[in-house]
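J.: Each chain, written out:
There are 2 protein chains.
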Amino acid sequence: MTDELSDSTPQMLDDAALDLVFRAARTHSKWLDKPVPDALLRQAYEIARLGPTSGNCQPLRILFVRSPEAKEKFRPALSEGNRAKTMAAPATAIFAMDMAFYELMPRLFHDPTARSWFAGKPAAIEETAFRNSTLQAAYFILAARALGLDCGPMSGFDKEMVDAAFFAGTSWRANFICNIGYGDRVALHPRNPRLAFDEACLIK
Amino acid sequence: MTDELSDSTPQMLDDAALDLVFRAARTHSKWLDKPVPDALLRQAYEIARLGPTSGNCQPLRILFVRSPEAKEKFRPALSEGNRAKTMAAPATAIFAMDMAFYELMPRLFHDPTARSWFAGKPAAIEETAFRNSTLQAAYFILAARALGLDCGPMSGFDKEMVDAAFFAGTSWRANFICNIGYGDRVALHPRNPRLAFDEACLIK
Chain A
0 MTDELSDSTP QMLDDAALDL VFRAARTHSK WLDKPVPDAL LRQAYEIARL
50 GPTSGNCQPL RILFVRSPEA KEKFRPALSE GNRAKTMAAP ATAIFAMDMA
100 FYELMPRLFH DPTARSWFAG KPAAIEETAF RNSTLQAAYF ILAARALGLD
150 CGPMSGFDKE MVDAAFFAGT SWRANFICNI GYGDRVALHP RNPRLAFDEA
200 CLIK
Chain B
0 MTDELSDSTP QMLDDAALDL VFRAARTHSK WLDKPVPDAL LRQAYEIARL
50 GPTSGNCQPL RILFVRSPEA KEKFRPALSE GNRAKTMAAP ATAIFAMDMA
100 FYELMPRLFH DPTARSWFAG KPAAIEETAF RNSTLQAAYF ILAARALGLD
150 CGPMSGFDKE MVDAAFFAGT SWRANFICNI GYGDRVALHP RNPRLAFDEA
200 CLIK
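Residue numbers (numbering that gives the first Met the number 0), protein chains in the order written: chain A, 0 to 203; chain B, 0 to 203.
Keep in mind that the hints were calculated from the coordinates and are not lab data. Backbone N, C-alpha and C fix where the C-beta goes; we use that ideal spot for every residue, glycine too. Among the hints, a few may not be true.
[Said to hold, decoys possible] Computed list of chain B residues with no C-beta within reach of chain A, every gap over 12 Å:
{"#": "1", "residue": "86"}
{"#": "2", "residue": "153"}
{"#": "3", "residue": "192"}
[As the list claims (entries may be wrong)] The list that follows gives simulated cross-link-like pairs (lysine-lysine, DSSO-like), each with its CA atoms no further than 30 Å apart:
{"#": "4", "chain 1": "B", "residue 1": "120", "chain 2": "A", "residue 2": "120"}
{"#": "5", "chain 1": "A", "residue 1": "84", "chain 2": "B", "residue 2": "203"}
{"#": "6", "chain 1": "A", "residue 1": "72", "chain 2": "B", "residue 2": "203"}
{"#": "7", "chain 1": "B", "residue 1": "84", "chain 2": "B", "residue 2": "70"}
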C-alpha cells in the first residue's frame, strides 16, 4: 500500500479500468464455479476501509456468510426472489452497522470530543451509522469489483431475523446484503436505464 | 462507454489505479488553483449513475454549487469548521435525495408493481431514499477520483437551511455535501487509522 501519489500514479483511470469498476460491471445473480478465497475478501475490505467517513467513524461491520451452517441460518431471512441466488453464491456479505461505533472514536479521530457527539443521542447515532456504513458498503462493492469480483447487492431480506440470527447480544445491526463471486455474464439481462445528468443534477 | 467486458478489460486494477481511487486518495480541504470544468462533473455523474441501487430506484439528486450567488446562499448553512474550505472549493456537491423517486420506477425498473412498494409508505420511502442516495454518492466520490478529481465530503451543515434555501417546493432533501476540486497534497495531515479486518469483519 502507498499513501503517496507517485510519478506512476495515473491522472485518471483508463477506459479498461473504468469498464471493470463501473461501466461493464453489472449486478449478478448467477455464479461461475470459481472459488473466492477468504484472502480476497480481506483484500477488498483493506482497500475499502480507506474511503472517507464522517469523523473517520467507520461504523461498517461485515459478516461474510460462507459455510453451509451459516447459509442455513440465513435462508429463512431472505425474500423469495433473493433466496436461490444467495444460497448459490460463493459468499454473501451482511453489511451491518455497529451502533456503538462512537466508542472507538477517541482512537480513530483526532478530536477528543468526538465520542460526545453521539453518546446518549440515539437519532445522531442512527443517522451517522446508517449513512456511513452505507458509504463504506459502496466502497466495498467497488473495491471488490476492482479486484475482479462481481457483486449482487440486495435489500430484500428480513433485517430483524438477520439481527436475531447473527447479532443477538451485540451492537451490530443489519443494513443490507450483497452476494459476492464471479458472475456468469451469459445470464445477464440488458442493463436497466439510468437517469440523464439533466434529470438528476443541477449546476448553480 | 462499453457494456461488455472485452479482452482488454483487466482482471483487476493495477497498483497505480488502486492508488488513485483508494489508497493514495485523501479527503481534501485545500484546493489548487486549477479549474474544474462542468463537463468533468457531468462525466463523473455519468460513470457513477451506473452503480447498483435497489430496484434501480436512483434517488440521488445533485446540486452543484459553483457561482458566487449560490455560494452566498449556501454559506449560512455550513458549520464553522466547514465554511472557509467550502467557500474556496471549485465546486460543492449537495448530495440530495428525491423523496418522489418512486414515481420514476415504472420507467426505471422492469417490475411494473415497483411504484406500489413505496407510494403512501413514508418509512419505506425514507429508508430507501437515504440508503440508495448514499450508495450513489459514494459511487460519485470514487468516480470523481477515478477522473483525477479530489473530494472533501462533509456532514457538518444545517440540512433544514439547505432544504429551505435550495429545495423549497420540491421533493429533494439534502443528505450530505462534498467539496470537489484538485486538492493540495502539501496541506494534508497524516491519514487517521482504519479498523483492521479482524475488528470489523467476521467470516462464518
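J.: A separate judgement is required for each hint: does it hold in the structure or not?
T.: Comparing the hints with the structure gives:
no., hint, verdict
1, 86, "15 Å, holds"
2, 153, "7 Å, violated"
3, 192, "6 Å, violated"
4, B:120 to A:120, "26 Å, holds"
5, A:84 to B:203, "18 Å, holds"
6, A:72 to B:203, "11 Å, holds"
7, B:84 to B:70, "12 Å, holds"
The structure shown violates the earlier hints numbered 2 and 3.
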